[in-house]
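Participant: Whenever a hint applies, use it, and build me the whole structure from the sequences.
2 protein chains.
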Amino acid sequence: MTTTEGAAGADEQQVRDARLVLGWLVEPGSKQLYELVRAHGPVEALARLTAGAATGALAEAAAVRLNGRDPARLAQALWERGARLGVRIVTPESAQWPEQLDDLRHISVEGRDTIDRDTYPPQCLWVRGPHDLREAGARAVSLVGSRSSTVYGAHVGAELGYGLADRGWTVVSGGAYGIDAVVHRAALAAGGLTVSVLACGVDRPYPLSNSALFEQIAEEGLLVSEWPPGTAPFKVRFLVRNRVIAALSRGTVLVEAAARSGARQTLRRARQLGRAAMAVPGPVTSENSVGCHEELRREPHEPVRAVASVGHVLEEVGGVGDLAPVPRGREQALDALDPVERQLVDAVPRRGAAAAGQIAYEAGVPLREALAKLPSLALRGHVREQAGGFVRARNGAGS
Amino acid sequence: MTTTEGAAGADEQQVRDARLVLGWLVEPGSKQLYELVRAHGPVEALARLTAGAATGALAEAAAVRLNGRDPARLAQALWERGARLGVRIVTPESAQWPEQLDDLRHISVEGRDTIDRDTYPPQCLWVRGPHDLREAGARAVSLVGSRSSTVYGAHVGAELGYGLADRGWTVVSGGAYGIDAVVHRAALAAGGLTVSVLACGVDRPYPLSNSALFEQIAEEGLLVSEWPPGTAPFKVRFLVRNRVIAALSRGTVLVEAAARSGARQTLRRARQLGRAAMAVPGPVTSENSVGCHEELRREPHEPVRAVASVGHVLEEVGGVGDLAPVPRGREQALDALDPVERQLVDAVPRRGAAAAGQIAYEAGVPLREALAKLPSLALRGHVREQAGGFVRARNGAGS
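Protein sequence lines, in the order shown, are assigned to chains U and C.
Position one of the first sequence corresponds to residue 145 (the numbering used here), numbered consecutively onward.
Position one of the second sequence corresponds to residue 145 (the numbering used here), numbered consecutively onward.
There could be a bad hint or two in this list.
Remember, identical chains collapse to one label, so a pair may be satisfied in a single copy or spanning two.
[Claimed, not checked] Cut-off 25 Å, straight-line C-alpha distance, at most; resulting in silico cross-link-like pairs (DMTMM-like, lysine to aspartate or glutamate):
#1 Lys379 / Asp482
#2 Lys175 / Glu359
#3 Lys175 / Asp276
#4 Lys175 / Asp310
#5 Lys175 / Glu243
#6 Lys379 / Glu224
#7 Lys175 / Glu431
#8 Lys379 / Asp490
#9 Lys379 / Asp155
#10 Lys175 / Asp482
#11 Lys175 / Asp490
#12 Lys175 / Glu513
#13 Lys379 / Glu156
I should point out that these hints are in silico values taken from the structure, not numbers from a laboratory.
Facilitator: Here you go:
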């Protein structure tokens with residue numbers, strides 16, 4: 145496993161080092177940092193931020209984390225820790241960078257509440273696993289949901305995770321208990337690719353009880369985090385992390401969620417990003433589907449699409465030709481008849497023949513039409529002609 | 145039980161008789177008949193339709209049913225049959241006429257396919273039961289669904305039927321097996337009012353196995369039909385009847401429906417009429433919810449709202465003040481904190497105190513803010529101050 149991609153020139157390495165230090169000095173999502181970097185580039189932004197004279201909350205927060213160290217030495221330490229653990233760095237300058245993450249700078253300000261203020265793109269990502277992150281993200285769907293999943297939610301999550309992976313889609317989720325774990329496992333079971341975006345270091349995935357799953361993902365999929373190895377999974381970080389799950393994929397499916405579920409925030413991010421936002425209906429008698437139904441009840445200007453199958457999901461995120469067939473149920477013989485013919489067949493008795501006039505009377509159609517259409521209905525097997533008139537055919541329409 | 149409402153004058157009686165003959169001579173929903181009556185009034189329309197020289201499909205169909213009889217004698221016969229069975233007539237001229245049925249003349253032509261051509265208002269209604277139909281329809285919701293209901297659908301149907309009736313809403317349905325029967329029974333159980341709109345004579349309700357239910361509705365609710373007593377329940381008539389179920393109420397709820405269910409047509413009529421159109425989500429693993437989910441998947445210009453409770457239904461059909469409370473789940477202590485406070489609490493260790501500087505480092509916030517906010521967090525019980533710094537409070541946020 146490589147710990148960097150290709151040979152980085154001196155400048156490239158400087159930029160990468162600046163990114164990984166910035167990514168650690170300032171908690172992810174900061175608009176201020178994003179704009180500082182956009183204005184001056186990562187190297188100069190880091191220099192300004194860590195200059196002794198720098199003031200403001202951003203510089204103060206950075207100073208606490210820098211703790212008097214030399215930024216270059218901090219970069220070296222972070223880098224070495226990653227290398228030792230087999231973790232590589234992917235920055236916006238890397239060929240492996242999934243460009244769709246840059247869309248995070250467009251999340252509308254109106255959509256931001258207090259907890260939402262940090263929604264700007266990551267400075268860098270720490271990655272474990274044998275795949276190219278950019279390629280993995282090219283055809284990706286996020287499947288998320290509650291930690292306290294039901295048998296129903298787990299079943300549906302497994303169906304979707306397996307089916308999407310089986311069709312070559314990368315399944316993105318957050319590695320949590322419940323739905324997240326189910327969809328990761330299902331994608332792996334399908335021999336597909338799955339990406340787990342974590343709220344802590346990729347060397348210490350959380351929760352511990354999913355350790356075996358995380359090891360498998362590190363070997364067959366991708367573990368991704370904005371935080372350097374060793375970082376603890378603080379609660380707030382899950383919410384900050386959610387924007388990356390939403391931004392990495394073409395759409396997010398809320399598989400099963402109670403009213404209060406962090407996964408709903410991921411769906412919201414998908415909406416704010418203009419990505420497909422989907423939710424799976426469930427029994428209205430289940431507390432664990434209340435969150436999904438609340439999402440489906442949104443007004444038309446905040447659309448969340450109900451999806452019940454892999455086909456429905458592909459219809460939202462796929463290209464031309466991915467329209468799911470509309471379930472039609474069994475076709476019935478009645479479908480082939482015109483309205484007057486249906487009226488006539490209805491009025492033909494099941495036992496004992498009736499004359500055309502009587503049938504016209506019962507059906508309420510002109511006698512002329514009855515006389516014209518009954519023989520044709522008999523030819524097509526819907527009624528039988530016998531002495532005295534017509535009787536319903538056993539296997540015809542309406543039988 | 146009265147068989148007419150109030151004393152009808154000679155002219156009124158003539159109009160009423162013309163209506164009930166027209167309602168029988170021509171199968172319900174006819175646009176041609178509706179326009180003939182609108183242009184000339186019922187009496188003159190009947191005279192023209194039954195004049196020997198009348199031509200065209202409408203006159204021919206009427207001639208079959210009239211069968212050479214005198215229209216006045218047919219009226220008398222129909223009237224006497226109704227009176228004998230305790231069935232009364234309600235026409236657009238009656239005080240009991242629910243005016244919202246007249247909206248049926250506005251169903252858009254684009255919405256009509258072959259089976260849909262008959263969507264115009266009824267000429268008259270045959271009614272059994274001790275209530276004023278107009279009053280019963282003033283605050284009404286239609287609950288419809290598949291005949292092959294599941295335990296789940298029956299449960300939800302009963303909850304909605306009971307709850308709506310209990311809140312003074314009339315529950316309208318079609319008297320079929322399954323969901324229809326469940327919602328009628330639930331409304332009756334709540335001591336509420338229920339209206340069953342039938343596709344056959346109100347003296348011979350279909351299906352037979354619901355006979356006891358129909359008798360109870362005739363005694364405590366209302367049985368309604370466009371067809372005179374004695375008329376058989378032909379298949380096509382169910383579809384024609386559906387428009388009345390949709391038009392009578394302020395909104396239609398599809399409780400449970402397979403992909404192919406006549407109840408979906410009732411929901412479609414509700415949409416075409418600009419009434420509230422609603423569907424109950426169910427397990428995506430259930431064939432019997434596929435119809436509901438397909439309805440919920442409609443594009444925003446054909447809105448069908450997901451409803452999971454009586455409150456949700458009332459939000460669609462009720463007035464101001466009927467907004468359902470949004471389920472929020474248990475409030476958590478973390479909600480009361482600002483984002484920086486959340487970061488700080490996350491970073492306070494659960495065991496062994498940490499100094500403010502260490503906490504600021506872990507959280508990635510300025511030391512100044514940590515020093516300012518930690519004592520306040522301690523005062524509010526989220527963290528405890530002890531020798532060496534701060535430790536997480538047992539019952540505080542994030543515990």
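Participant: With reference to the structure, classify each hint as holding or not holding.
Facilitator: Evaluated hints:
no.: 1; hint: Lys379 / Asp482; verdict: between (63 Å within a copy, 13 Å between copies)
no.: 2; hint: Lys175 / Glu359; verdict: neither (33 Å within a copy, 70 Å between copies)
no.: 3; hint: Lys175 / Asp276; verdict: neither (27 Å within a copy, 65 Å between copies)
no.: 4; hint: Lys175 / Asp310; verdict: neither (38 Å within a copy, 53 Å between copies)
no.: 5; hint: Lys175 / Glu243; verdict: within (18 Å within a copy, 59 Å between copies)
no.: 6; hint: Lys379 / Glu224; verdict: neither (27 Å within a copy, 77 Å between copies)
no.: 7; hint: Lys175 / Glu431; verdict: neither (36 Å within a copy, 48 Å between copies)
no.: 8; hint: Lys379 / Asp490; verdict: between (65 Å within a copy, 6 Å between copies)
no.: 9; hint: Lys379 / Asp155; verdict: neither (36 Å within a copy, 79 Å between copies)
no.: 10; hint: Lys175 / Asp482; verdict: between (64 Å within a copy, 17 Å between copies)
no.: 11; hint: Lys175 / Asp490; verdict: between (70 Å within a copy, 22 Å between copies)
no.: 12; hint: Lys175 / Glu513; verdict: between (75 Å within a copy, 19 Å between copies)
no.: 13; hint: Lys379 / Glu156; verdict: neither (34 Å within a copy, 75 Å between copies)
The structure is inconsistent with the numbered hints 2, 3, 4, 6, 7, 9 and 13, although it conforms to all the rest.
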